[in-house]
Amino acid sequence: MRIAVRHETRYVYTTPPKSLIQILRMTPRSHEGQHILSWRIDCDADCHLKKSEDPFGNITHTLTVNRPLETLTLTVEGDVETYDTAGVVRNSVERFDPLVFLRETPLSAPSPLIRELAAANERADTIDQMHQLMVAIRGRMTFDTSSTDVHTSAGEAWELGSGVCQDYAHIFIAAARCSDVPARFVSGHFFRSDGVVDQTAGHAWAEAYIDKLGWVGFDPANGVCLLENHIRIACGLDYLYAAPVRGARMAGSGESMSVNVSVGQTSMQMQT
Amino acid sequence: MTFFDEMTGADGVLRAPYRIIHDWLETSPPELLEARRAQAEHMFRRIGITFAVYGEKEAAERLIPFDLIPRILSQSEWTRLEAGLKQRVTALNMFIADVYGAQSVIRAGVVPADIILRNACYRPEMAGFRAPHDIWVHIAGIDIVRVDDKDFYVLEDNARTPSGVSYMLENREVMMRLMPDLFMRNRVAPVENYTNDLLSCLKSVAPVSAPGDRTAVLLTPGQYNSAYYEHSFLADRLGVELVEGGDLFVRDDIVYMRTTRGPQRVDVIYRRIDDEFLDPLVFRPDSALGVPGLMNAYLNGNVTLANAVGTGIADDKAIYTYMPEIIRFFTGEEPILKNVPTWRCRDADSLKYVFEHLSELVVKEVNGSGGYGMLVGPHATAQQIAEFALKIKADPANYIAQPTLQLSTCPTFCDAGTGPRHVDLRPFVLSGANGMRVAPGGLTRVAMKEGSLVVNSSQGGGTKDTWVIEDLHHDPL
Amino acid sequence: MLARSAENLFWVARYIERADFSARMIDAALRLATLPKAYGGDGNEWVSPLAAVGNLDLFRKVHDKQDQNTVFNFLAFDRENPSSIRNCIANARRAARAVRTALTLEMWESINAAWLELSRIESERDPKNPMSREEVDRFLDFVKAISRDFDGAAYRTMLRDDAYWFNRIGLYAERADNTARILDVKYHLLLPQSEEIGGTLDYFQWTAILRSVSALTAYHWVYRESVKPWLVMDLLVQRSEMPRSLVSCYENIARYLDLIGQHYGQQGPSQRLARSVHATLVNSSREEIFQRGLHEFVTDFISSNNRLSGMLAEQYFPS
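Chains as they are written, first to last, in our numbering: chain A, 1 to 272; chain B, 273 to 749; chain C, 750 to 1068.
Calculated directly from the structure, the hints in this document are not laboratory data.
Even for Gly, the Cβ is constructed at its ideal location relative to N, Cα and C.
Relax, there's no trap hidden among the hints.
To be clear about the criterion: a stretch of chain A counts as covered by chain B if any three or more of its residues have a C-beta under 8 angstroms from a C-beta of chain B, and this derived list gives those stretches: (1) 16-28; (2) 59-73; (3) 93-107; (4) 240-252.
Extracted from the complex, chain A is given alone in its bound form (with noise of 0.2 angstroms):
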């Protein structure tokens, strides 16, 4: 499948800082499932841009503001072939031992419930288990994009009952990790299928690393495995590593910001 990303982010303050930092996680890598075709940030103010890496693999930005400025507008714009992999993730960037992705973070540490969710789904099969356990998720929460934030714990959502992709994605990894299997956060797109291109949210799921497959992506917000409709853009403990955007400004105020997201299937008129 051959999908187009647009992602906007734009923020607006009503008292200009005098500099800013960010550190942008917006670039995806190639690997089996998926062929970066072209990919490009923007940014409309006066800025520095440098590209890195951090120590998950994942490809970074820097970007310095260093004059007050009243908006500022990021601009991600890519083309994507992917291809069905059957949810495993084969010849990424893989930096660290399993081992490291059995470590609790404050945003993932399991709470008694998540513990109990675990147990109860304890299979013998981890690939079984894995799915049984977005299986629970799916079946016990409701998708509410105004019940939690970006420092809404996997238990405090879990306790709710409600939440966005990114809660529904650290419950599964809080809950993989407290039976052994390592676990991690993925920050990306998803192609939907049902025809609705705009959207207002980039996406998240979770990766579990079983034994003999390696990492296998499992998306609980819409129940399924990794598929062509992915793209996988960064990982990490959890979203405070895969953030599409962590940043810092120096004074200013009144900060607000808007995200515009359109993943939509390249056409194909424009393949050729």
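We have chain A already, so just place chains B and C on it with the hints.
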């Protein structure tokens, strides 16, 4: 229970290094000691050496009790201790470099992978990083105890941001002002060059890209931090700026400080802020103490942080239990300093033993510090033991247990005159591109309460001046 | 030098000077309060110090009566009053602690000792039980001694570099502000025509103020005349030999800013503003000032002085 007293030994025979102090104590009337003690307290309070206790308000700036009677080590004892400290810190540095690099210590099976990789103190963010000159722990504080006149035991390695060195320096200054006559009769190895050594150590590890005239700063969380006095004291002695996060900023991966003449490049940061607070873009996003972008500058080799990020993996109490093997693995030598025998509650056999002997053991949280979150079996009530047992049961891997050490005692001035009080010792080891240095002596901490084994200043412990004196001592009088 | 250090050095001096000024205003009010109404004791003596330290509105919001004890407590100890003497000393110590390394030991000790003594007085004091006049006097003397001790320590022990200069600029900016505020509160007494209606009442008000700022003797030395309102104005505004006069303060500010400019090899808006304020003070004739209106003149000065602080912040203490 009898303890080894460093003045009178186990058998009541006066030990040589203490001869002069003993005479002095015998001949000084208690009123004189009391007057000197009051003077010392007055001096400390006037210069503002205070210590803010966690959980208390600004008003609660306390003095750490200072004991007039020095703790004494002979030069030959010190020589042995110093060699052991250098060996240990060398191994700590090699271990950390390996953990974030080749991980041969894991592959060789010396330390189990999960103890490192799943450790909260291991920082995946540092994987693949090579610290300038391969030095990670520039300043180490190794807590030492003794139980007899032969061996020194390492109680704890402090490889993150060890504190207390200002007390070592101030104690000496106050002692020299109050009791110059005692120094006339003993030849005491000086400690005052510590800050000079520290500055050259810091400058020696500046990034290669740094301009010829290297700028070092001391980064503090601010004046409400419990160790703020020490931060300002050290900055003053080092002759470097005492900066807070807000004084620094990063542009194009270079760190600058805001000065009255505009931005000035910073090459080395002696940081007294924990890893998690250093950079909100990489660690805790809510940290207001750090500098956004600092980690990028650091990982790109444009600034050196001392100590390096991620050194906590070396002073973790779970890793501590492997230190003898780690020393052998990296240095090929037998450890000079002993480890306190330790049971790892993560091992089933050890856990069983610990549960059976809780009333005799000291149980510590693997990541606890400052004497918090620990159980001192022999001093605990049955209820306290029962409650702690539940905590261990819930998360065994989080605990280690050690025998209750019969810490040595030193004569200490107290209300009832002079009595033996338990002590430990924190020597400070500097590692730079210019070699290793250990200030002779270190900070002696003393449990001021009779019989107490808790020397932490946050729990009412005091300090003493620590003397390393010449072995062959000819009394000039 | 670290921008934050420069800023703290500037503020340490300002807070200490402000505490001193508050103590002196209380002193003046106490003196007036002992006088019969016919001699200036109008029962409102406690309004002036409140107005002069700029906290009359805050005070009225919290208290409905203006008796001696209430006002004294408010000015001296109230934690809710940002410029109470207690808060000034606490803020000075906080700023000093933040720049501990830029201060000499003597300066730090003078502030730290003052804070310890103040804490002692505060803890021993019973707010409901008014201090005796003797205790009040002792307290005010203690506060005035702090600024002498601190300034003396700074003068005698500090290196003459930017740290010293920023510190002194803070002192003179605060002092200029304080002098201007006295003039502003009492400006109606300085109008030329008030000569007739003033008489003895003004005389005692002004001698109390002059005495409190240690300027009464100076007045006599300079003018060799009885106390006349326009001469008081002249003394506090334009006499450069009078250390509290606006001119004297700005002479110092302009000089220290020039030293900083030379030292850094760069001048900026602060230098330009300080020179222009100084020139205005020197070049305005007494007649012009009265012509324009003393109140307007003083108000303009206060706002220029505030603007200078803002410019210093922008030019030297960026955050």
